[in-house]
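Novice: Work out the full structure: start from the sequences and follow the hints.
Add 61 to the 1-based position in the sequence shown for the numbering used here, that's all there is to it.
Calculated from the structure, these hints are not laboratory results.
Here are the computed lysine-lysine pairs in the BS3-like style, where the Cα-Cα straight-line distance is at most 30 Å:
#: 1; residue 1: K91; residue 2: K113
#: 2; residue 1: K103; residue 2: K84
#: 3; residue 1: K107; residue 2: K91
Derived Cβ-Cβ restraints for the label pairs, each shown as a range:
#: 4; residue 1: Q115; residue 2: I74; range: 27 to 35 Å
#: 5; residue 1: Q115; residue 2: P77; range: 28 to 36 Å
#: 6; residue 1: V70; residue 2: K113; range: 18 to 26 Å
#: 7; residue 1: I74; residue 2: G99; range: 13 to 21 Å
#: 8; residue 1: K107; residue 2: I80; range: 19 to 27 Å
#: 9; residue 1: G76; residue 2: Q115; range: 28 to 36 Å
#: 10; residue 1: Q115; residue 2: G73; range: 28 to 36 Å
#: 11; residue 1: P77; residue 2: G114; range: 24 to 32 Å
Note that beta-carbon positions come from the ideal geometry of N, C-alpha and C, so glycine has one too.
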Amino acid sequence: MWAQTLILVVDGISGPDTIQAAKTFQTKAKLAADCKVGPMTKAAIKQALANKGQGG
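Specialist: In structure tokens, the structure reads:
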């Protein structure tokens with residue numbers, strides 16, 4: 062599910078690519094796609110990273 066690779070330039074600015082990436086992640090994680098990285102989104106990111114480390 063998280064196999065898609067996103068390539069973003071880290072510049073400290075939430076531009077259109079960052080906003081789209083956040084919304085896409087939230088949608089795939091079945092969260093509200095509001096582009097706000099609150100506790101639920103942070104937890105989903107941590108879980109996705111943990112799963113990636115396990116081959117998922």
